[in-house]
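Asker: Each chain is listed here by its residues.
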Amino acid sequence: MTAGEFLNGNDREAIEDALAQAREVSGFTFNVSFDRVIEDPRTRAVALHAATQDPDNTVLIAVDPVGRSLEIVTGAATQRTLQDSECKFAAATMVTSFRNGDLPGGLVQGIGQLAESARSLRVLHARDVAEL
Amino acid sequence: MLVPLQTLPGWNNVENPSVLWILLLALGIPLAFGLLVTVVGMGPSWARSGRGEAELEEPIWLGAGAEPKALPTGGEKMTVVGGASDRW
Chain A
1 MTAGEFLNGN DREAIEDALA QAREVSGFTF NVSFDRVIED PRTRAVALHA
51 ATQDPDNTVL IAVDPVGRSL EIVTGAATQR TLQDSECKFA AATMVTSFRN
101 GDLPGGLVQG IGQLAESARS LRVLHARDVA EL
Chain B
133 MLVPLQTLPG WNNVENPSVL WILLLALGIP LAFGLLVTVV GMGPSWARSG
183 RGEAELEEPI WLGAGAEPKA LPTGGEKMTV VGGASDRW
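Those protein sequences? They're chains A and B, same order as listed. Numbering follows the numbering used here, with no gaps: position 113 of the first sequence is 113. Numbering follows the numbering used here, with no gaps: position 64 of the second sequence is 196.
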């Protein structure tokens, strides 16, 4: 099955839009990988994440639609605002849609959820340390 | 019994329906209608889930930046990572 048959143009566009919006909201790079993984999905996703241009500031969502596995990998910088518990919550949201056969919809929803969680909150009542 | 179970005088004589005809009316048509509603309602979902069953010939990479070609083999320094795993 080719990529075009797996995700149609509208699906890709919706996911790309969600990724761009997530980057705008959080300041981090979001990537989605669809691949058939033979080895351990987590190991593969971590290696893929490490090979990205800026792993520290990248959130990778690796989906194996055949093996039905989902991996969310966060880097050192993204981990400061995006906790593992929030990733688990987003993963649960995505998997719920995946079970209903809606991969693109689940991804769009999950990406938005991750981006909102990754957004660092502005502290308005305290001055920046650099100003002191 | 207020109404006799027979054709009233002046009305056309009606034969009793066969068991097969009663079964068709009582079970067949409702089942067929239910099946039709199920297919119309669940069809798109079934079609989408069916797409994931086949083998994925080529990986798909979405988002900013190019897809990494060479993966670390283990000797390279890995950054601290977190996240989550799930299956469905």
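Worth flagging that the hints you see were computed from the coordinates, not collected in a lab. Be aware that a few hints might be false.
[Unchecked claim] Going by beta-carbon spacing under 7 Å, a handful of chain A positions derived as facing chain B:
id: 1; residue: 8
id: 2; residue: 10
id: 3; residue: 25
id: 4; residue: 38
id: 5; residue: 69
id: 6; residue: 73
id: 7; residue: 88
Every residue, glycine too, gets a C-beta built ideally from N, C-alpha and C.
Asker: Take the hints in turn and mark each one as holding or not.
Answerer: So, going through the hints one by one against the coordinates:
Violation of the interface hint for residue 8(A) is found here, the shortest Cβ-Cβ separation to chain B being roughly 9 Å, above the 7 Å cut-off. The beta carbon of residue 10(A) comes no nearer than 12 Å to any beta carbon in chain B, farther than 7 Å, and the hint placing it at the interface is violated. Checking residue 25(A) against chain B by beta carbon gives a least distance of about 14 Å; that is not within 7 Å, so the hint is violated. At about 12 Å, the closest approach between the beta carbon of residue 38(A) and any beta carbon in chain B exceeds 7 Å, and the interface hint on this residue is violated.
A distance limit of 7 Å between C-beta atoms decides the matter here; for residue 69(A) the minimum to chain B is near 5 Å, and the interface restraint holds. Proximity of residue 73(A) to chain B holds as hinted, the smallest CB-CB distance being about 4 Å (cut-off 7 Å). Using the Cβ-Cβ criterion of 7 Å, the hint placing residue 88(A) at the interface with chain B is satisfied: the shortest such distance is roughly 4 Å.
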